[in-house]
Amino acid sequence: MICHGQEDGEHAHCTLAEEAEHAVGVSAFECYQCGKCTAGCPLAAEMDWSPHQILRLLQYAAPELEEQALRSLSIWLCLTCEQCVTRCPQEIDLPRLMEYLRQQSLERGLMHPQGRDILAFHEAFLDSVRKHGRLQEVGLVANYKLKTGHLLQDVLVAPRLLARGKLKLLPQGIKGKAAVRRIFERLQHDEGKEE
Amino acid sequence: MARIGVFICHCGENIGSTVDCAAVAKAAGELPGVVHSVDYKYMCSDPGQSMIKDAIRTQKLTGVVVGACSPRMHEPTFRRACNEAGLNPFLCEMANLREHCSWVHEKLPDTTAKAIDLVRILVEKVKRNKPLSSIKVPVTKRALVLGGGIAGIQAALDIAGAGHEVVLVERSPSIGGHMAQLSETFPTLDCSQCILTPRMVEVAQHPNITLYTYSELESLEGFIGNFKATIRKRARGVDEKLCTGCGVCTQKCPNKKIPSEFNEHLGTRPAIYVPFPQAVPNKPVIDRDRCTYYSKGKCQVCAKMCPTKAIRYDQEDELITIDIGAVVAATGFTIKGTDFFPEYGYGQYPNVITGLQFERLASASGPTLGVIRRPSDNEIPENVVFIACAGSRDSAKRLSYCSKICCMYTAKHAMLYKHKVHEGRAHVFYMDIRAGGKMYDEFVRRAIEEDQVNYIRGRVSRVFERNGKMIVKGVDTLLNGQSIEIEADLVVLATAMTAQPDAEATAQRMKISYDADHFLSEAHPKLRPVEMNTAGIFVAGACQAPKDIPETVAQASAAASKVVGLFSRSELAREPVVATVNRTAPPLFSTCVGCFLCETACPYQAIERDDIRGRDGQLIRQVAKVNQGVCQGCGTCVALCRSKAIDLQGFTNEQVFAELLAV
Amino acid sequence: MKIGLYPGCSLEGSSREYLESLQAIAPVLGLELAEVPDWNCCGASAAHSLNHKLALALPARVLALAEQAGMDKLLVPCSACLNRLSTTRAELIKNEALRREIAEVIELSLTCRTRVTDVLSVLAKATANGFSEKIRQPFARRVACYYGCYLTRPVEGAACRRTEDPQEMDALMKLAGADPIPWAFKVECCGAGLSLSRTSSVAELAGRVVEDAALRGAEAIVVACPMCHTNLDLRRSNIEQNLGTRFAMPVLYVTQVLGLALGIDERALGLHRHEVPVRWEKKANHQDTQAPSEVK
Numbered sequence: 063m064i065c066h067g068q069e070d071g072e073h074a075h076c077t078l079a080e081e082a083e084h085a086v087g088v089s090a091f092e093c094y095q096c097g098k099c100t101a102g103c104p105l106a107a108e109m110d111w112s113p114h115q116i117l118r119l120l121q122y123a124a125p126e127l128e129e130q131a132l133r134s135l136s137i138w139l140c141l142t143c144e145q146c147v148t149r150c151p152q153e154i155d156l157p158r159l160m161e162y163l164r165q166q167s168l169e170r171g172l173m174h175p176q177g178r179d180i181l182a183f184h185e186a187f188l189d190s191v192r193k194h195g196r197l198q199e200v201g202l203v204a205n206y207k208l209k210t211g212h213l214l215q216d217v218l219v220a221p222r223l224l225a226r227g228k229l230k231l232l233p234q235g236i237k238g239k240a241a242v243r244r245i246f247e248r249l250q251h252d253e254g255k256e257e
Numbered sequence: 053m054a055r056i057g058v059f060i061c062h063c064g065e066n067i068g069s070t071v072d073c074a075a076v077a078k079a080a081g082e083l084p085g086v087v088h089s090v091d092y093k094y095m096c097s098d099p100g101q102s103m104i105k106d107a108i109r110t111q112k113l114t115g116v117v118v119g120a121c122s123p124r125m126h127e128p129t130f131r132r133a134c135n136e137a138g139l140n141p142f143l144c145e146m147a148n149l150r151e152h153c154s155w156v157h158e159k160l161p162d163t164t165a166k167a168i169d170l171v172r173i174l175v176e177k178v179k180r181n182k183p184l185s186s187i188k189v190p191v192t193k194r195a196l197v198l199g200g201g202i203a204g205i206q207a208a209l210d211i212a213g214a215g216h217e218v219v220l221v222e223r224s225p226s227i228g229g230h231m232a233q234l235s236e237t238f239p240t241l242d243c244s245q246c247i248l249t250p251r252m253v254e255v256a257q258h259p260n261i262t263l264y265t266y267s268e269l270e271s272l273e274g275f276i277g278n279f280k281a282t283i284r285k286r287a288r289g290v291d292e293k294l295c296t297g298c299g300v301c302t303q304k305c306p307n308k309k310i311p312s313e314f315n316e317h318l319g320t321r322p323a324i325y326v327p328f329p330q331a332v333p334n335k336p337v338i339d340r341d342r343c344t345y346y347s348k349g350k351c352q353v354c355a356k357m358c359p360t361k362a363i364r365y366d367q368e369d370e371l372i373t374i375d376i377g378a379v380v381a382a383t384g385f386t387i388k389g390t391d392f393f394p395e396y397g398y399g400q401y402p403n404v405i406t407g408l409q410f411e412r413l414a415s416a417s418g419p420t421l422g423v424i425r426r427p428s429d430n431e432i433p434e435n436v437v438f439i440a441c442a443g444s445r446d447s448a449k450r451l452s453y454c455s456k457i458c459c460m461y462t463a464k465h466a467m468l469y470k471h472k473v474h475e476g477r478a479h480v481f482y483m484d485i486r487a488g489g490k491m492y493d494e495f496v497r498r499a500i501e502e503d504q505v506n507y508i509r510g511r512v513s514r515v516f517e518r519n520g521k522m523i524v525k526g527v528d529t530l531l532n533g534q535s536i537e538i539e540a541d542l543v544v545l546a547t548a549m550t551a552q553p554d555a556e557a558t559a560q561r562m563k564i565s566y567d568a569d570h571f572l573s574e575a576h577p578k579l580r581p582v583e584m585n586t587a588g589i590f591v592a593g594a595c596q597a598p599k600d601i602p603e604t605v606a607q608a609s610a611a612a613s614k615v616v617g618l619f620s621r622s623e624l625a626r627e628p629v630v631a632t633v634n635r636t637a638p639p640l641f642s643t644c645v646g647c648f649l650c651e652t653a654c655p656y657q658a659i660e661r662d663d664i665r666g667r668d669g670q671l672i673r674q675v676a677k678v679n680q681g682v683c684q685g686c687g688t689c690v691a692l693c694r695s696k697a698i699d700l701q702g703f704t705n706e707q708v709f710a711e712l713l714a715v
Numbered sequence: 011m012k013i014g015l016y017p018g019c020s021l022e023g024s025s026r027e028y029l030e031s032l033q034a035i036a037p038v039l040g041l042e043l044a045e046v047p048d049w050n051c052c053g054a055s056a057a058h059s060l061n062h063k064l065a066l067a068l069p070a071r072v073l074a075l076a077e078q079a080g081m082d083k084l085l086v087p088c089s090a091c092l093n094r095l096s097t098t099r100a101e102l103i104k105n106e107a108l109r110r111e112i113a114e115v116i117e118l119s120l121t122c123r124t125r126v127t128d129v130l131s132v133l134a135k136a137t138a139n140g141f142s143e144k145i146r147q148p149f150a151r152r153v154a155c156y157y158g159c160y161l162t163r164p165v166e167g168a169a170c171r172r173t174e175d176p177q178e179m180d181a182l183m184k185l186a187g188a189d190p191i192p193w194a195f196k197v198e199c200c201g202a203g204l205s206l207s208r209t210s211s212v213a214e215l216a217g218r219v220v221e222d223a224a225l226r227g228a229e230a231i232v233v234a235c236p237m238c239h240t241n242l243d244l245r246r247s248n249i250e251q252n253l254g255t256r257f258a259m260p261v262l263y264v265t266q267v268l269g270l271a272l273g274i275d276e277r278a279l280g281l282h283r284h285e286v287p288v289r290w291e292k293k294a295n296h297q298d299t300q301a302p303s304e305v306k
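Protein chains in written order, with my numbering: chain A, 63 to 257; chain B, 53 to 715; chain C, 11 to 306.
Just so you know, these hints were derived from the structure itself, not from any lab. C-beta: ideal position from N, C-alpha, C; glycine also. Misleading hints may appear alongside valid ones.
What the hints assert, rightly or not - Chain A is faced by these chain C residues, among others (derived, beta-carbon under 8 angstroms):
#: 1; residue: N61
#: 2; residue: E117
#: 3; residue: V165
Stated by the list, open to error - Here are the in silico distance ranges between beta carbons for each label pair:
#: 4; chain 1: C; residue 1: R172; chain 2: A; residue 2: R222; range: 35 to 41 angstroms
#: 5; chain 1: B; residue 1: A557; chain 2: C; residue 2: K12; range: 22 to 28 angstroms
#: 6; chain 1: A; residue 1: L127; chain 2: B; residue 2: P553; range: 43 to 49 angstroms
#: 7; chain 1: B; residue 1: A557; chain 2: C; residue 2: I191; range: 38 to 44 angstroms
#: 8; chain 1: C; residue 1: R172; chain 2: B; residue 2: P311; range: 19 to 25 angstroms
Construct the complete structure from the given sequences, taking the supplied hints into account.
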């Protein structure tokens, strides 16, 4: 979908639903609110807005309701388990839409406070990959704890993992780690401009 | 020398406000061959028509061009007027100044110029028109009704009641269709069998109806009024004349564990069987795929027991060819089985059943004698979940349409269950309640208000079994998307109503059109709802689209009245716009070279081979010949003919070229 | 059968027993596994959640390296990596311009000619002929085959057919002498990548899986995904706390079960690395073990 005015190079005002359809090809308007996604979602009970309600918020095409979707915890809880799209009678790729909404939420600074831990984990994960080329689990956990302040979480699990030879303490880089780092630089740098 | 009259109509404001009609009439009057040209506000009105008639008489016109609306609208009107004034109706042509000009253009000089062009084109054509006379075809006053469900039964009875012969063909061993399987019918809750079986008996006893059950349409050739139907009467293994329907064979058959189709596999039947006690005809058939005699060569218990010696193991299929004047397609529908639903268990749970299976459980003639018992252990379920839109309105399952009847029968099911199990709990998961119809919404409200059926607005994501209960995981979108988990004893899926699995093949056999979902396509969705595009074939019931009993019966009666209307004439007149193969003097006889490309190309099988013989009977040549009764005037053969031997009457090459050159 | 291998980060660290057991059974099954040289992390759900192009570029580099090494087929044992690699490949095949753009970003040529395959398909082929003769010790236990999300979804191009009730792992278990039970949580999500950031949710979701398997008398849960294993095994104490019940039922990788059936040493299969000990009180009798295998 091309948003109005875009062809003429004017400043385009698109609704969030239009933007999402343009960016990831998922139309919120195809949803007829049957709730089957919510009924099957493993985390629906913990969400502030159910999956089908996120779609409903977008259908209004009203800025204040769009903002509620972007401020929601739901978009951060989505596990991308694909259960919803597998059963959706309208074949709406909700996980893909959730991914888009997370990116928009970040860009517009509307992130739900509880989404922070989840974001911190993702960021710590990517930090590790950027540095070493591969995930370094000990570094990931340490970094995550620093980012969130959950210093004591899982403090009991680590020694057991260590004892079973499951933790590698020393970072193990790959030869191509410089190449991987360049990938991050290119894509994280121009991320904002692109969309 | 041509003497053409031109009549330009203003169509009120429709043409007059955009096109300068007087200027068109004036310009037309100057065209070579035009001797009379006028304009008038409403040419189709009585004074307008009189102007044409008077001009034909006084000016001795040899052709008429009316510049007005679409020929689809008023060509018959003006041709009739010409005929009344003594001019062959096919010497009258229409220039469409409305749809092709005034409606699609602004008021500009060019618009009037275009109107003049359109008139000039038709003037050139009509100069080359030849008088034609309509083609007369006889009508065989015998109807073929395909399908013996309630649609076919109603259509057959109506046609037979009007005094015409009917051949009713049903492929299962008995007529009655799905309606015979139903328990009670919405919104009145009258017993389905009680209202249907008298109709079935009436069919069997009607002197005008010939009934072929366990039979199928093998082929259908011909055209309106003149079809030839071949029916395959499958071997029952029973001599119907000798069989008295005493039922001894079915009682004595040792092979009794075959899932009963009539009971939707919830009960069993023997290998020699009558589908249900009220079957019409009450004559058994042998299921050859399951009969021990056919697989092992031994048994023959039924033959030994039959008091009238009616068993015929070596009976063969019979092919019967009948002349038919009209056909009513009433081939019915099927439903999706529970195995269609991965998320509801792929059909592996015995306590997840279809709505049609629930009908059998609720029916007094069913496997549980009308007591609602769940299939796994025959217990009476205390908690029943009904899931509406199971498969319907589901693009992911490639069924995007609404099955239309499920909202009503689900309300009925929940109500019947509550009437039979007073302490039980009934839940209905629904998306929308579609209850348009006389007393329909009131019926649904009664289920909710009086019988306290719990309607839950939301779709069910998954059904699985745990500790002998069916766990139904749904959602209530009216409760802020709260997840709803119900431990049910029985789950009833209102599964989608679909076209018959062989609907496409059946339609192709009859050369009628069907839609993407394989339902038969009517000629016009509003104005010709029971006619097919193929003349002489009509449609009734759920083979056209999902519909309930009242609608089906109404449509069947409508189709029957169309057939009776057709049969009210002994001859049909049709437009002579058909292809002809030219004939010339000997020794050429025709420019046709006998390549018969036309025969291959003709979509209507209208091309025949004509033997040209000398006086001694010796075959001289074989040339193509058009069966004017079958030809639809599409012109495919004309375009393909290499020797230009075929032409289309009313649209000859000469006429069309003249039209083009006039632009 | 020669085949490329992309172990992914988990199989080098917290789920190393998956790789160990895969490598232990490979020679016996005639599988020759060649690791993708200098592979990198696929980005997993982190990149997927935050940056779509990054989520394509990281797996794309792996695909390009495999291609460079001349691999026709690449085995990806981790379901999460498998999901990232196969969806990336599908998207880049569909979108030519995007493929060129990503190739530039990763500084490698990329045709996507290397096909990606899952562990169940590879094992099914490798056990298709003569496997029964190789069995030393049939794994005669009732097992709950747990497929999780990414072996069955997205449906298009999924490793398993029958989305809601896959049978591929069940078939392998039958070959190994086990008795795969019908149960209801085969394809329900365990909580996946929220293991660290939202442990409470994982305890809840993984708990439902373990509870249903136990209820139906499973003696072990079998998995083919490191995240599933982490959430069902490493997070077992969280699950038990949440439900207030103890479950002794161990969680094995499909490769470990095949290894045990082939008579391979338990240590070589990495059984000692599990949180829930891989041992059973006594040989359970199938007829009367309807009761849950909980230890009170």
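For each hint, the structure was consulted:
| no. | hint | verdict |
| --- | --- | --- |
| 1 | N61 | 6 angstroms, holds |
| 2 | E117 | 6 angstroms, holds |
| 3 | V165 | 6 angstroms, holds |
| 4 | R172/C with R222/A: 35 to 41 angstroms | 37 angstroms, holds |
| 5 | A557/B with K12/C: 22 to 28 angstroms | 48 angstroms, violated |
| 6 | L127/A with P553/B: 43 to 49 angstroms | 46 angstroms, holds |
| 7 | A557/B with I191/C: 38 to 44 angstroms | 43 angstroms, holds |
| 8 | R172/C with P311/B: 19 to 25 angstroms | 24 angstroms, holds |
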